[in-house]
Amino acid sequence: MTAAPQARPDGESGALALEGITRRFGDFTAVDNVSFQVGPGELLALVGASGSGKTTTLRIAAGYETPDSGRVTLGGADLTRVPPERRGFGMVFQHYALFPHMSVENNVAFGLEARGVNKVDRLIKARAALANVGLERAGDRPIQSLSGGEQQRVALARALVIEPKALLLDEPLSNLDPNLRETMRDDLRRMLRRVGVPALFVTHDQEDAFAIADRIALLKRGRVLQCGTPEELYHSPASREVAGFIGRGVVVPAIDKGATAEVTIGGVKRELPVTRAKDAPPKIENAFVVMRPNSIEMSKGAGVFPWRGKVVNRRFAGGVEVYRVELGEGITVDVESQTADVHEGDNVSVAPLKRAFPLVAG
Amino acid sequence: MIALLVWAVIYPNAAVVAGSFENGLGHWREFWASPADHEALITSLVISVASVFASLAIGVPLAFLLGRFEFPGRRLLRAVATLPAALPPLVGVIAFLFLYGESGLVTRAIQRAFGMSEAPWQLRGVGAIVFVHAYTMYVYVFLFVSAGLERFDSSLDEAASGLGANTWQRLRRVTIPLLMPAVAGSALLVFMNALGSFSAPYVFGGGLRVLSTQILNSKTNGAMGLAYVETTVLALSAVAGLALFRWLDRKRKYTLASKGGRARRAIRSRKVQVLTTVGAAIIVIALVLPHLMVILVSFARDGSWTTQVLPPEYTFENYRRLFSEAELWRPITNSVSMALIATGANLVVCFLAAYLIVFRKFGGRRFLELLVALPWAIPATAIALGLAATFNRNDPLTGRVLLVGTFWILPLAYFIRDTPLVSSAVESSLRQMDASLEDAARGLGASWLMTMRRVIIPAARPGLVAGGLLAAVAAVGEFVASVVLYTHANRPISMEILAQLRALAFGTAAAYSVLLILLVLLMTLAARSFEERLA
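Those protein sequences? They're chains A and B, same order as listed.
In this text, residue positions in the first sequence follow the working numbering: the first is 247, and each later residue adds one.
In this text, residue positions in the second sequence follow the working numbering: the first is 40, and each later residue adds one.
A hint or two may mislead.
Okay, the calculated beta carbon distance ranges per label pair [unchecked claim]:
hint: 1; chain 1: B; residue 1: 57; chain 2: A; residue 2: 390; range: 29 to 39 Å
hint: 2; chain 1: B; residue 1: 108; chain 2: A; residue 2: 366; range: 54 to 64 Å
hint: 3; chain 1: A; residue 1: 361; chain 2: B; residue 2: 496; range: 18 to 28 Å
hint: 4; chain 1: A; residue 1: 367; chain 2: B; residue 2: 496; range: 17 to 27 Å
hint: 5; chain 1: B; residue 1: 194; chain 2: A; residue 2: 367; range: 52 to 62 Å
For the chain B half of the interface with chain A, some residues (derived, Cβ under 10 Å), not all of them [unchecked claim]:
hint: 6; residue: 106
hint: 7; residue: 473
hint: 8; residue: 477
hint: 9; residue: 480
hint: 10; residue: 481
hint: 11; residue: 482
hint: 12; residue: 483
hint: 13; residue: 486
hint: 14; residue: 487
hint: 15; residue: 493
hint: 16; residue: 573
To spell it out: a stretch of chain A is covered by chain B in this simulated footprint if at least three of its residues, at any positions, have a beta carbon under 8 Å from a beta carbon of chain B; those stretches are [stated by the list, open to error]:
hint: 17; stretch: 335–342
hint: 18; stretch: 355–363
hint: 19; stretch: 483–495
Simulated from the structure, these hints should not be mistaken for laboratory data.
Note that CB positions come from ideal geometry on N, CA and C, so glycine has one too.
Pulled out of the complex, with its shape left as it was, chain A reads as follows (with noise of 0.2 Å):
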């Protein structure tokens, strides 16, 4: 029996949801229109390149800005005018914000202290909730003398100590060195799962967001773009501007024809299989297709595969190459290749491989 933070019944804090947010800072719309829904236990992640409104919007989230219009509720009660020191959401900041004149177990017991929750207590809860992120000796130590792992785990477990009611989480993994970041990118969905309330988070790294969150906010100068599972957004991109955020791809003109696109390099036609988002219309007048460097194969010379190009860089991806080819009519495209012997300026040619590629409005 630990006293550390226990999963709950699904439904007990209710979705976590932002209806038409919009803030602005003078002429700047820093967030505009925003909507989306965060269930219990489910993982969100807000992603986008600095200055899309991501931190902002999770700030309001949190209670720390205002929006201009809009609401913010939890469970179907608005939040929006509450204080964040009264909604009872807990928050790992960007830096972590441990207070650094206290010792680890204060920090995580900070909360708890505010709740009035007497200090045997809190001491004990706070022992457990380090346990609970295999701290469990860490309590008395100064801020100052953890890595930088171990500080994000402080912070993790001092917004889970108070049982919050959402969990929002600004960039947690920004400040962790590579290795580290992929081994807490588990610890951290394995332990946002088990608390079982919405989180919400932050970052700028895809592949954070691909590997933590059940479902991603792409947000655009404070819009969002599209909001969808990972695999959505990777297949059926909403956008030309998701489809070149979303897994890098290459976007190049088509005709849309239904289940197929034609698509015309160099004057060689290729009709290929397509997907398309949701609500997507039937026909897509001004219609691109998304090429990602793994749906493309490449040959050495010109003549093996239908278009033909010019390699103009080349990348060691570990494990495959990647070139950069010039096709031609302002198109470049990269393509993902087990071949090592073709260099800078050699000619070769490449062709899609068999499966269905995004199609998107341009």
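Position chain B relative to chain A; hints supplied.
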């Protein structure tokens, strides 16, 4: 908060400016027509500029010597180099009087040694004032330039020599330009201090007039209108000086960000080494002598030291009287309690101001920043006269409360003088704090009060301790504002020192001075142990 500071900082000064126009331009005409005031203005400026150059001439070479070279005696010299700053302003002046005055130790010794019939010099006039200023104020230059040298990245020097620059070229093109901000910053500090300086001109001035003493003269003579004009001119000179420095420094776009650090070079030439060590020894003696002299004189029997080189009779009587006679003990309790009250108020008000400035975005933020910094730009005499002009009668409707002649006027003056110091110390502590800590505390459910108590105040603590210490030290020895505003009942130690000096009770004056130095020492130790216990 803003209202309180406007009432304490802006209102009195505005009252002074308004008072200078109470006869239309009458008082200003009087000022321009008065040769004495012309002389005072020019002398004030000459003394300030000369003090800047004298402080630079001592501080810069000393910083280079201690920062760049290794020689026997370096550590001792480094240890005593900042000692003059520990002397309360009036005490430094008195020490110089005992040493270099007409009947001072050094003066008499030289007179005897060379068999002269008269003292070889007189400690009065512009030269004497600049001499004392250089001794007490070079410390600013020394500290700023030393800090600049410490931050100076030796790779810059190495890069320059790699590009073929010789020693002189490196100094001229790299080192000196990069140290200019430190030099300019400290020069400004010296200028402001010298312009507002009161004790040295007051004690050594002789017939010499400077603005700060002229203000007190006019006030004593009841010519308040003229005093207001003189005060306005003094304050304007200070602000003009500040603006001039800002303008000269405007082009600087770079900062020395590197950790730097470089090894000190040992002096190789045997001759230069001996010379340096002898020179260092002389400087050490010159720096320590004033302190030693005050201690020595504090044991001299009052009235016994007349024409001798050293005081002839020694006694504990001076100290015994301080502790046993109520009238003599009074200034000590006055100074301590007034310093504690002023510092306490500084801590509360300046903490809140710094908190608002650093963490809150609101319309009046810039104005609040200006308010807490303003007293720094206004000489103490001007601040004191402003208070005298504003708090001299009871008229609560116009914000006037009768404080002049009461105990409370001096703590208020100390509070105003020390506000910039404490605010900037707390501000710099708070700026080092990660702003998301406050968000984190609130997100964890902490009330405003708990966030303050558990997060913000601990973060501000180093600034509160350091600022509080500096404020308490400045307040306990304060002289310049006190001389304008004190009454017999609340006279501080500095006023009593002056009174004893006038009564030629050198021993008693020196005993007070030693006590003041001990108080400063005690406060410093208390602050340090407090900080260590908490850290």
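We went through each hint and held it up to the structure:
With their beta carbons about 54 Å apart, residue 57 of chain B and residue 390 of chain A fall outside the hinted range of 29 to 39 Å. Take residue 108 of chain B and residue 366 of chain A: their Cβ atoms lie about 60 Å apart, and the range 54 to 64 Å holds. For residue 361 of chain A and residue 496 of chain B, the hinted distance range of 18 to 28 Å is satisfied, since their beta carbons lie about 21 Å from each other. Distance hint check for residue 367 of chain A and residue 496 of chain B: the Cβ-Cβ separation is about 26 Å, which falls inside the suggested range of 17 to 27 Å.
Under the hint 52 to 62 Å, the C-beta atoms of residue 194 of chain B and residue 367 of chain A, about 55 Å apart, fit the expected range. At its closest, the beta carbon of residue 106 of chain B sits 30 Å from a beta carbon of chain A; the interface hint therefore is violated under the 10 Å criterion. Taking 10 Å as the C-beta cut-off, the interface hint given for residue 473 of chain B holds, the closest approach to chain A being about 6 Å. The beta carbon of residue 477 of chain B comes within 9 Å of a beta carbon in chain A, closer than 10 Å, and the hint placing it at the interface holds.
Interface restraint check for residue 480 of chain B: the shortest CB-CB distance to chain A comes to about 7 Å, inside 10 Å, so the restraint holds. For residue 481 of chain B, the interface hint holds, the least distance from its beta-carbon to any beta-carbon of chain A being 5 Å, beneath 10 Å. Taking 10 Å as the C-beta cut-off, the interface hint given for residue 482 of chain B holds, the closest approach to chain A being about 4 Å. At about 4 Å, the closest approach between the beta carbon of residue 483 of chain B and any beta carbon in chain A falls short of 10 Å, and the interface hint on this residue holds.
For residue 486 of chain B, the shortest C-beta to C-beta distance to chain A is roughly 7 Å, which falls under 10 Å, so the interface hint holds. The beta carbon of residue 487 of chain B is positioned within 10 Å of a beta carbon in chain A (closest approach about 8 Å), and the interface hint is therefore held. Taken as an interface hint, residue 493 of chain B checks out: its beta carbon lies about 7 Å from the nearest beta carbon of chain A, inside 10 Å. Because the beta carbon of residue 573 of chain B sits about 9 Å from the nearest beta carbon in chain A, less than 10 Å, this interface hint is met.
Counting residues of the stretch 335–342 of chain A whose beta carbon lies closer than 8 Å to any beta carbon of chain B gives 6, which reaches the threshold of three, so the coverage claim holds. Interface restraint, the stretch 355–363 of chain A with chain B: holds (5 residues with C-beta to C-beta distance below 8 Å; minimum three). Coverage of the stretch 483–495 of chain A by chain B is violated in this model, with 0 residues showing a Cβ closer than 8 Å to a Cβ of that chain against a need of three.
Violated hints, in rising order: 1, 6 and 19; the structure is consistent with all others.
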